[in-house]
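Take the sequence shown: its position 7, counted from the start at 1, is 133 in our numbering, and no numbers get skipped.
Think of the hints as simulated: they come from the structure by calculation, not from any bench. Fair warning: this is a prediction, and the values are worked out from it, not measured in the lab. Where a beta carbon is used, it is the ideal one built from N, C-alpha and C, also for glycine. Where hints are given, some of them may not hold.
[Stated by the list, open to error] Okay, derived cross-link-like pairs now, DMTMM-like style, lysine to aspartate or glutamate, Cα gap no bigger than 25 Å in a straight line: (1) K130 - E185; (2) K134 - D217; (3) K134 - E187; (4) K244 - E185; (5) K183 - E236; (6) K186 - D217; (7) K244 - D158; (8) K130 - E187; (9) K186 - E236; (10) K154 - D217; (11) K244 - D157.
[Unchecked claim] Derived CB-CB ranges, DEER-like: (12) G165 - V241: 34 to 42 Å; (13) D217 - S132: 31 to 39 Å; (14) T150 - H179: 30 to 38 Å.
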Amino acid sequence: MQVKMSVKLLLWSAFSLFYYLGFTNVFKMIDDAAAQNSGAQFYSLIYIALIAHLINKYEKEFPRACSWFVSICGLAVITAIVLTKQAMPLDLLYSPFYLCLYLALPICYELFRFVILKNTSNSGQD
């Protein structure tokens, strides 16, 4: 059990890195589109929904823990490491937009889980 959980944490850590890298691309897209589209931050929600769907689909044992781990590690920890290496202030980590992003993935995961449970319970009643 200990080895299995260690492997899961390594996989979640790798997934967190990819989550961070994907968000850097989403932020570039938001910056590029912000001049023409005031609702460009909506793109980040689409990306979060995709990640929540992947967690819900592939993580069978601890999906809720995975969503929290990926959210906190992928955004807070890796961003702090990158900003520290670049000798930049860590103020970005405490901005309201970023704080909302920390909670967005676990909330989106719960919404996906709720919809799936609702659909399976409704299909059983038919």
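Hints violated by the structure (listed by number, smallest first) | Violated hints (numbers, rising): 2, 6, 7, 11, 12 and 14; every other hint is consistent with the structure.
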